[in-house]
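S.K.: As a plain string of letters, each chain reads:
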Amino acid sequence: MSILAPKFRLSYFLSSLTDNIFWIVVIFTLIGLPILFIVLFFVQLPVYESELINPFLTLSWIFHPELALPLLKAFLLTDMFRIIVFPGFGFAALIAASVIFIERKMLAKLQLRVGPFYCGKIEGILQLMADGLKLVSKEIIIPAKADKPIFIAAPLLFIGTAAAFVALIPVAPGWVVANIDLGLIAVFAVIGFFPIITVLSSWSANSKYPFIGGIRALFQMVSFEIPLILSLLGIVILTGTLNLSEIVESQANFPWIIFLPIGAIVFFVAMLAELERIPFDLPEAESEIVAGWLTELSGMMYGLVQLGSYLKLYAFAALFVVLFLGGWQGPVFFPPLEETLIHEGQTIGPITIQTPGLPIFSMEFFSGVIWFILKTAVVIFFILLPRGVFPRIRIDLLLDLGWTKLIGLSFVNIFIALALIYSGVFGPGGLL
Amino acid sequence: MGTATGIIKALNSGIKHLAIKRFTLRYPEQKLKFVGDGYQYDPTSGVGIAGYKGRHMLFHDKCTGCQLCAIACEGVAEAIAMVKVPEEWKHNKKAIMPQIDYGKCVFCGLCVDACPFYALYMTNDYELSSYTKEGLIYTPAQLQVKPDVQQDVEIQIDERGATHG
Amino acid sequence: MTAKLPPGLKLQKVDERIMTLNVGPQHPGSGHMRLIVQVDGDFIVACDPDPGYVHRGEEKMAEYRNYLFNIPHLERPIIHDSCNILYPYVLAVEEIIGAEVPERAKYVRVIASELNRCVYILYWLGIYGIFLGHSTMFMWPMGDRELFIDLLEKLTGARVTHAYFIPGGVRNDLPANFEDVCLRQVNYFEKRIKEYADIFYNNPILIHRTENTGVLSREDAIRLGTTGSVLRASGVDFDLRTKEPYDAYEELNVNIPVLKEGDSYARSKIPWLDMFESCNIIREALEKMPKSGAVRTKLKPNPRGGDVTVYKRTESGRGSLGCYIVSKNKPEPYRLKLSVPSFRNLIALPYLLKGEKLGNMPAVYWSLNYWPVEADR
Amino acid sequence: MSSDTETKDPETKAPEKKELPAKPEEQLPEFEKGLSDKIVAKFGEKTEVAFVKPDRIRINVKKEDIKDVAIFIRDDLGFDHAESVAGVDFPADKEIEVVYHLGNYTDPKLSRQVLALATRAPREDTPNPGNDSTRLPSLREVFYSVEFHERECFEMLGVYFDGHPDNRRLLLPEDWADLPPLRKDFDSKGR
Numbered sequence: 001m002s003i004l005a006p007k008f009r010l011s012y013f014l015s016s017l018t019d020n021i022f023w024i025v026v027i028f029t030l031i032g033l034p035i036l037f038i039v040l041f042f043v044q045l046p047v048y049e050s051e052l053i054n055p056f057l058t059l060s061w062i063f064h065p066e067l068a069l070p071l072l073k074a075f076l077l078t079d080m081f082r083i084i085v086f087p088g089f090g091f092a093a094l095i096a097a098s099v100i101f102i103e104r105k106m107l108a109k110l111q112l113r114v115g116p117f118y119c120g121k122i123e124g125i126l127q128l129m130a131d132g133l134k135l136v137s138k139e140i141i142i143p144a145k146a147d148k149p150i151f152i153a154a155p156l157l158f159i160g161t162a163a164a165f166v167a168l169i170p171v172a173p174g175w176v177v178a179n180i181d182l183g184l185i186a187v188f189a190v191i192g193f194f195p196i197i198t199v200l201s202s203w204s205a206n207s208k209y210p211f212i213g214g215i216r217a218l219f220q221m222v223s224f225e226i227p228l229i230l231s232l233l234g235i236v237i238l239t240g241t242l243n244l245s246e247i248v249e250s251q252a253n254f255p256w257i258i259f260l261p262i263g264a265i266v267f268f269v270a271m272l273a274e275l276e277r278i279p280f281d282l283p284e285a286e287s288e289i290v291a292g293w294l295t296e297l298s299g300m301m302y303g304l305v306q307l308g309s310y311l312k313l314y315a316f317a318a319l320f321v322v323l324f325l326g327g328w329q330g331p332v333f334f335p336p337l338e339e340t341l342i343h344e345g346q347t348i349g350p351i352t353i354q355t356p357g358l359p360i361f362s363m364e365f366f367s368g369v370i371w372f373i374l375k376t377a378v379v380i381f382f383i384l385l386p387r388g389v390f391p392r393i394r395i396d397l398l399l400d401l402g403w404t405k406l407i408g409l410s411f412v413n414i415f416i417a418l419a420l421i422y423s424g425v426f427g428p429g430g431l432l
Numbered sequence: 001m002g003t004a005t006g007i008i009k010a011l012n013s014g015i016k017h018l019a020i021k022r023f024t025l026r027y028p029e030q031k032l033k034f035v036g037d038g039y040q041y042d043p044t045s046g047v048g049i050a051g052y053k054g055r056h057m058l059f060h061d062k063c064t065g066c067q068l069c070a071i072a073c074e075g076v077a078e079a080i081a082m083v084k085v086p087e088e089w090k091h092n093k094k095a096i097m098p099q100i101d102y103g104k105c106v107f108c109g110l111c112v113d114a115c116p117f118y119a120l121y122m123t124n125d126y127e128l129s130s131y132t133k134e135g136l137i138y139t140p141a142q143l144q145v146k147p148d149v150q151q152d153v154e155i156q157i158d159e160r161g162a163t164h165g
Numbered sequence: 001m002t003a004k005l006p007p008g009l010k011l012q013k014v015d016e017r018i019m020t021l022n023v024g025p026q027h028p029g030s031g032h033m034r035l036i037v038q039v040d041g042d043f044i045v046a047c048d049p050d051p052g053y054v055h056r057g058e059e060k061m062a063e064y065r066n067y068l069f070n071i072p073h074l075e076r077p078i079i080h081d082s083c084n085i086l087y088p089y090v091l092a093v094e095e096i097i098g099a100e101v102p103e104r105a106k107y108v109r110v111i112a113s114e115l116n117r118c119v120y121i122l123y124w125l126g127i128y129g130i131f132l133g134h135s136t137m138f139m140w141p142m143g144d145r146e147l148f149i150d151l152l153e154k155l156t157g158a159r160v161t162h163a164y165f166i167p168g169g170v171r172n173d174l175p176a177n178f179e180d181v182c183l184r185q186v187n188y189f190e191k192r193i194k195e196y197a198d199i200f201y202n203n204p205i206l207i208h209r210t211e212n213t214g215v216l217s218r219e220d221a222i223r224l225g226t227t228g229s230v231l232r233a234s235g236v237d238f239d240l241r242t243k244e245p246y247d248a249y250e251e252l253n254v255n256i257p258v259l260k261e262g263d264s265y266a267r268s269k270i271p272w273l274d275m276f277e278s279c280n281i282i283r284e285a286l287e288k289m290p291k292s293g294a295v296r297t298k299l300k301p302n303p304r305g306g307d308v309t310v311y312k313r314t315e316s317g318r319g320s321l322g323c324y325i326v327s328k329n330k331p332e333p334y335r336l337k338l339s340v341p342s343f344r345n346l347i348a349l350p351y352l353l354k355g356e357k358l359g360n361m362p363a364v365y366w367s368l369n370y371w372p373v374e375a376d377r
Numbered sequence: 001m002s003s004d005t006e007t008k009d010p011e012t013k014a015p016e017k018k019e020l021p022a023k024p025e026e027q028l029p030e031f032e033k034g035l036s037d038k039i040v041a042k043f044g045e046k047t048e049v050a051f052v053k054p055d056r057i058r059i060n061v062k063k064e065d066i067k068d069v070a071i072f073i074r075d076d077l078g079f080d081h082a083e084s085v086a087g088v089d090f091p092a093d094k095e096i097e098v099v100y101h102l103g104n105y106t107d108p109k110l111s112r113q114v115l116a117l118a119t120r121a122p123r124e125d126t127p128n129p130g131n132d133s134t135r136l137p138s139l140r141e142v143f144y145s146v147e148f149h150e151r152e153c154f155e156m157l158g159v160y161f162d163g164h165p166d167n168r169r170l171l172l173p174e175d176w177a178d179l180p181p182l183r184k185d186f187d188s189k190g191r
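Chains as they are written, first to last, in our numbering: chain A, 1 to 432; chain B, 1 to 165; chain C, 1 to 377; chain D, 1 to 191.
Hints in this document: simulated from the structure, not taken from any laboratory.
Among these hints, one or two may not hold up.
[What the hints assert, rightly or not] Calculated Cβ distances over 12 angstroms to all of chain C for the following chain B residues:
1) 35
2) 68
3) 72
4) 74
5) 127
6) 144
7) 149
[Stated by the list, open to error] Here are the simulated lysine-lysine pairs, BS3-like style, with alpha carbons at most 25 angstroms apart:
8) 21/B - 194/C
9) 21/B - 243/C
10) 243/C - 62/D
11) 109/A - 9/B
12) 104/B - 105/A
13) 105/A - 16/B
14) 109/D - 328/C
15) 60/C - 104/B
16) 62/B - 90/B
17) 194/C - 16/B
18) 243/C - 184/D
19) 330/C - 109/D
20) 121/A - 105/A
21) 38/D - 62/D
22) 298/C - 62/B
23) 328/C - 184/D
24) 62/B - 105/A
[Unchecked claim] In silico contact screen, one side only, chain A against chain B (beta carbon under 8 angstroms); selected entries:
25) 84
26) 86
27) 113
Where a beta carbon is used, it is the ideal one built from N, C-alpha and C, also for glycine.
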């Protein structure tokens, strides 16, 4: 398989290696270090042994295993960590990337083929990285008569909105970027941005197919937002709160999908439409309107929109889990970590790592996150599966489905919720 | 509800096929096995012998330089040119033999049909790519070489679907 | 707006609601042709097909080559159905030069032709699937097509352009053990295409989507001279394999599927049903075929015909394919005209698309069993 | 046949099939003969039956009469669609022949039959498609299915069809300024 290039010279290879190392060092010193400093100036640093740590101390301590730990602990508690790494963008992007890979492999399996196979030795696990590199290295072509500022801003806005959506999702108890009382309303507000961005992008491209695709996306998203919102009213009625964390906690005994299956189905279908997944991928209907509103996007602009849409997919799946499947709730099925490990540390070679008080080592957290990811994976599987099974629907059938059937069903769902309240099953003094 | 059962059936069929064997032939590692040693023609009976129509193979000891293959190719692809060869055979007075340009050849096999002396066969070799167009022109000396092909994969059918073994 | 136009150009007054879309040739939903589609909102006002993107003058080329050398290049217009596009030509040439076909060769031809029909239909079906956004229906037929490609490769020695039929028979006899392999793969294939029902043909979304779109009534189908699956989907029971049986079809038992609806769903279902029938025909032909015998009669070198005109037609994967040859005492045909089914079905496209929704365009267009390269010749 | 390729074959073998059209008078197939007789009975001198073979009839008419004959064939004989329109160039006769192959879909008796209706248009040596005397009446009113075939015939041979609603280019490129390519004096370079 892999043979050396025909004009291989060891000296060229070595010199290219040293070149690379040189440039990495230069770039890190000129760009990386200043950025690190800027970040450290804004991070709230902890007091360690009655000494307020400043950025310079941080830089020197970060390489000391015992001193680095309190720093790490402090960093884990910052908002920055939440936004960038764990329940926020980084975690979501990781899940989005794995969703793309799983989607491709699963679709390939369904279609009796292999899928990504050669990149990364193990079943093509690095294919996504290769695709990303390809997109980064491609030229970005902007149509001559496009409205350039809006056209360039649209993908950024798209991914920003998707990230804002992700920020509202609680992953584990207490682990949410923005824990606001009107969480559900905030979700609807964020979802409302997507059609606007789509129309902006397609209009500013000044091209026919994006225009048709944008109009279709507008139709589709607006008409499916209404059943999307209505289908969640049942839960709001039953729980009496809009805070997503509280909604999760209200499902400690049973998830809402047991009592509101119709709402769950309506929400799922509306979710597929909002995500522009097959069978509702009309805005990107390839054989009709080339690539819909993505036609004129090229290079990393397209890559950003794709990343944004997969973030959106994760966020919607997570929202489904939070609302209907009980979020992080679930039995703890593995033995808890030993107390000694947490308090006295683990000896790895010459150094001993002590992790007292680290928030990530609590049982609650572990079990919560695992349950959450498992449930999200199941929902994502059912989001991905229709892509291999259904053809694309037509626009009039789609609007018919959205405006008549789903809205009707969501009203049925609301009545079920009201009936549950009035019959005394739920609510103050209820049976459950 | 016909619609609901239809949707559930379709989803079920999709999930069922997740467990069926993959059909893909992983080409560079696996190569499909062909019938015989390639397409040949029997001038006495006027019927060909089934086989894959790949690169030609020329038997220098049988070629008489009669140009019939070149004439046959003239109406089809104009891929065959007759060139001088240094060898001197008794039956090849003009000392010319076909040289085939695989940039033009369409692998129809009419030249094999045209040869009255069993001198031109087709073989199972189809990996003819080259970095230059000149590399695609096979001289009589190159055509003489019997290709070394390792093709051993066949379609296998069992309960869990068909695969390339 | 106020700038002066160059001489010779005039500003046209157009209804501002109407948008003209150039669908093709670089459009994913067109194939090698252009459709000039005018849409008013989501409705198609007019559609003007503009074929010719891959026109290569096969008919003119045929006038320079003799009857044998025409074979490799006449199958180029549709390489996925190359046996069937050669069939009427070979029959016509046999009538012109007066060649007899051995009995076994007739059956071999039928088998090759039916195998090739399945190969074509699967390719067509794959594209129909991807046009409707059903990627599984693209991959499955492409994979299952390999079974038949494999058989044809064993039989003819080439995967797509077989150049297998020849005036007076076929080029080579069946390879050893071909009957068993053929039966095994055809039987497996029949099991396989039954699985298309759940995921594609009985899929409610597909049915909702393509039912009652592009309805071609029986009268219109006849008047427009459509052929093949388009005609049979509109309720006309016309298939040359039964109506004007050629070669071994006379002895075979052929049941042609006919549907009445005439919409894109019926048009897309007919080829699928055809594949079951092809499997039956292959099995029957393998059974009835003489177990040994010649497959090709020897012709004179460079055969030439008299001063005659011959029109022969056969049933290809898309419909009846006619070949009109004017012979003038020469080894080359004086004029060769292929009346290809794709070209005949194309006339229905502007007729059907008028008033349809834009979303139905790929479904209606590809359900016409149209192959752009063949239509252009 | 060991070599399909001996191009310099003696010409003496050629005229062997020449007497084919002359022979079949005694064994004319009945049904086909009946069809051609009907046309002859209706139009008499105006039509000329070129041959009657099993399943195939060919009738030559003058271009003035072709529309009447076509209407008769459609209404009284039951041929309901045209399968192909083939133009053939005859520079020696200074004429271009256009052959309509007509078929039937519905009548089981007729479905084997193909009736070739041929007519001839005058040919000019320096063609100016659309504006010279190479004109024929269009049969599009009679057989709707000839629409694209006649368009193709127009661009390939330069035969203008009077009464055709849409006589535009179909297959050839928009900037084609050469001779109509299927004429015999258009030499395809490099074959």
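S.K.: For every hint, state whether the structure bears it out.
M.R.: Hint check:
1. 35: violated, 4 angstroms
2. 68: Residue 68/B is in fact no farther than 12 angstroms from some Cβ atom of chain C, at 10 angstroms.
3. 72: It is violated; residue 72/B is separated from chain C by about 7 angstroms at its closest Cβ, not greater than 12 angstroms.
4. 74: With a cut-off of 12 angstroms, residue 74/B comes too close to chain C, as the shortest Cβ separation is near 8 angstroms.
5. 127: holds, 14 angstroms
6. 144: holds, 21 angstroms
7. 149: holds, 15 angstroms
8. 21/B - 194/C: holds, 17 angstroms
9. 21/B - 243/C: violated, 42 angstroms
10. 243/C - 62/D: violated, 32 angstroms
11. 109/A - 9/B: holds, 18 angstroms
12. 104/B - 105/A: violated, 39 angstroms
13. 105/A - 16/B: Since the Cα atoms of residue 105/A and residue 16/B sit roughly 15 angstroms apart, the hinted pair holds (cutoff 25 angstroms).
14. 109/D - 328/C: Violated - the C-alpha atoms of residue 328/C and residue 109/D are around 32 angstroms apart, more than 25 angstroms.
15. 60/C - 104/B: Cα-Cα ~20 angstroms, so holds.
16. 62/B - 90/B: holds, 10 angstroms
17. 194/C - 16/B: holds, 14 angstroms
18. 243/C - 184/D: At roughly 36 angstroms apart (the allowed maximum being 25 angstroms), residue 184/D and residue 243/C break the hint.
19. 330/C - 109/D: violated, 35 angstroms
20. 121/A - 105/A: holds, 14 angstroms
21. 38/D - 62/D: holds, 18 angstroms
22. 298/C - 62/B: Given that 25 angstroms is the threshold and the Cα spacing comes to 23 angstroms, the pair holds.
23. 328/C - 184/D: Holds. Residue 328/C to residue 184/D sits at ~14 angstroms (cutoff 25 angstroms).
24. 62/B - 105/A: violated, 54 angstroms
25. 84: violated, 36 angstroms
26. 86: violated, 32 angstroms
27. 113: holds, 5 angstroms
Hint compliance for this structure: hints 1, 2, 3, 4, 9, 10, 12, 14, 18, 19, 24, 25, 26 are not met, and every other hint is.
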